[in-house]
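Residue strings, one per chain:
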Amino acid sequence: DAKTTQPPSMDCAEGRAANLPCNHSTISGNEYVYWYRQIHSQGPQYIIHGLKNNETNEMASLIITEDRKSSTLILPHATLRDTAVYYCIVRTSNTGNQFYFGTGTSLTVIP
Amino acid sequence: SQTIHQWPATLVQPVGSPLSLECTVEGTSNPNLYWYRQAAGRGLQLLFYSVGIGQISSEVPQNLSASRPQDRQFILSSKKLLLSDSGFYLCALGQGSSYNSPLHFGNGTRLTVT
Numbered sequence: 003d004a005k006t007t008q009p010p011s012m013d014c015a016e017g018r019a020a021n022l023p024c025n026h027s028t029i030s031g032n033e034y035v036y037w038y039r040q041i042h043s044q045g046p047q048y049i050i051h052g053l054k055n056n057e058t059n060e061m062a063s064l065i066i067t068e069d070r071k072s073s074t075l076i077l078p079h080a081t082l083r084d085t086a087v088y089y090c091i092v093r094t095s096n097t098g099n100q101f102y103f104g105t106g107t108s109l110t111v112i113p
Numbered sequence: 078s079q080t081i082h083q084w085p086a087t088l089v090q091p092v093g094s095p096l097s098l099e100c101t102v103e104g105t106s107n108p109n110l111y112w113y114r115q116a117a118g119r120g121l122q123l124l125f126y127s128v129g130i131g132q133i134s135s136e137v138p139q140n141l142s143a144s145r146p147q148d149r150q151f152i153l154s155s156k157k158l159l160l161s162d163s164g165f166y167l168c169a170l171g172q173g174s175s176y177n178s179p180l181h182f183g184n185g186t187r188l189t190v191t
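Residue numbers (my numbering), protein chains in the order written: chain A, 3 to 113; chain B, 78 to 191.
Calculated directly from the structure, the hints in this document are not laboratory data. Note that the coordinates shown come from a computational prediction; the quantities given were computed from them, not determined experimentally. Any given hint could turn out to be false.
If you want the footprint, here are the derived chain A segments under chain B, 3+ residues with CB under 8 Å [claimed, not checked]:
1) 48 to 59
2) 101 to 109
The following label-pair restraints were derived from C-beta to C-beta distances [claimed, not checked]:
3) 156/B x 65/A: 30 to 38 Å
4) 95/B x 76/A: 40 to 48 Å
5) 146/B x 81/A: 19 to 27 Å
6) 85/B x 113/A: 30 to 38 Å
7) 32/A x 129/B: 40 to 48 Å
8) 106/B x 43/A: 25 to 33 Å
Ideal Cβ positions, reconstructed from N, Cα and C, are used throughout, including at glycine.
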């Protein structure tokens with residue numbers, strides 16, 4: 003039970019920003035939002051995580067709404083290598099502090 | 078830096094045969110270790126996690142077991158494989174119980190039971 007809701011699939015044009023949404027309406031005040039991606043036949047790759055402030059690293063930006071009930075992962079300039087399944091995860095006390103993966107969003111970057 | 082070693086990368090085993098998959102980590106101490114499985118076309122399922130030597134928590138009752146004989150070693154086993162045990166097995170490493178701590182995954186073992 004991943005406690006998050008993501009669209010099953012999205013397309014994005016190469017070079018454009020990819021904005022991947024996630025709903026986590028039951029998140030509690032001390033629980034972080036994590037994003038991972040999985041390219042076919044590889045292990046999931048950690049991208050970014052955050053609590054309530056927006057976060058940015060070399061891979062992506064994470065925008066968390068003020069009420070923390072949803073977030074958006076932004077890949078600023080999508081490339082073909084960003085084609086992957088993207089997972090949004092909330093690590094919660096209700097799940098024994100473990101990471102539970104849902105089905106994610108399959109992002110296809112189109113040339 | 079932390080490194081996760083899993084082997085073998087691929088494995089084909091007959092039904093009823095035993096299984097032993099090993100995961101070792103480097104560059105860290107007292108890690109939390111995890112086994113996940115991903116069936117073909119499906120999401121990741123948490124199988125076992127361990128917060129220390131000899132401490133194993135099972136998430137899903139099934140044909141598998143896990144052991145942690147050393148701080149940086151985590152082993153997944155089965156006495157008799159079933160066809161349904163086929164999948165992509167991933168070892169993961171985490172630190173502490175804080176929510177502010179990501180998991181990092183190895184490259185996985187793809188198991189096919191025939």
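8 Å C-beta criterion, at least three residues: is the region 48 to 59 of chain A covered by chain B: holds (count 3)
Coverage of the region 101 to 109 of chain A by chain B, judged on three or more residues with CB within 8 Å: holds (count 6)
Range hint 40 to 48 Å (beta carbons of residue 32/A and residue 129/B) holds or violated: violated, 24 Å
Distance restraint evaluation - residue 106/B, residue 43/A, Cβ atoms, bounds 25 to 33 Å: holds, 31 Å
Cβ separation of residue 156/B and residue 65/A, checked against the hinted range 30 to 38 Å: Cβ of residue 156/B to Cβ of residue 65/A: about 48 Å, so the range 30 to 38 Å is violated.
Residue 146/B versus residue 81/A beta-carbon gap, inside 19 to 27 Å or not: Cβ of residue 146/B to Cβ of residue 81/A: about 42 Å, so the range 19 to 27 Å is violated.
Distance restraint hint 40 to 48 Å, applied to the beta-carbon atoms of residue 95/B and residue 76/A: holds, 46 Å
CB-CB spacing for residue 113/A and residue 85/B relative to the 30 to 38 Å hint: With Cβ atoms ~35 Å apart, the hint holds.
Violated hints, listed in ascending order, are 3, 5, 7; each of the other numbered hints is respected by the structure.
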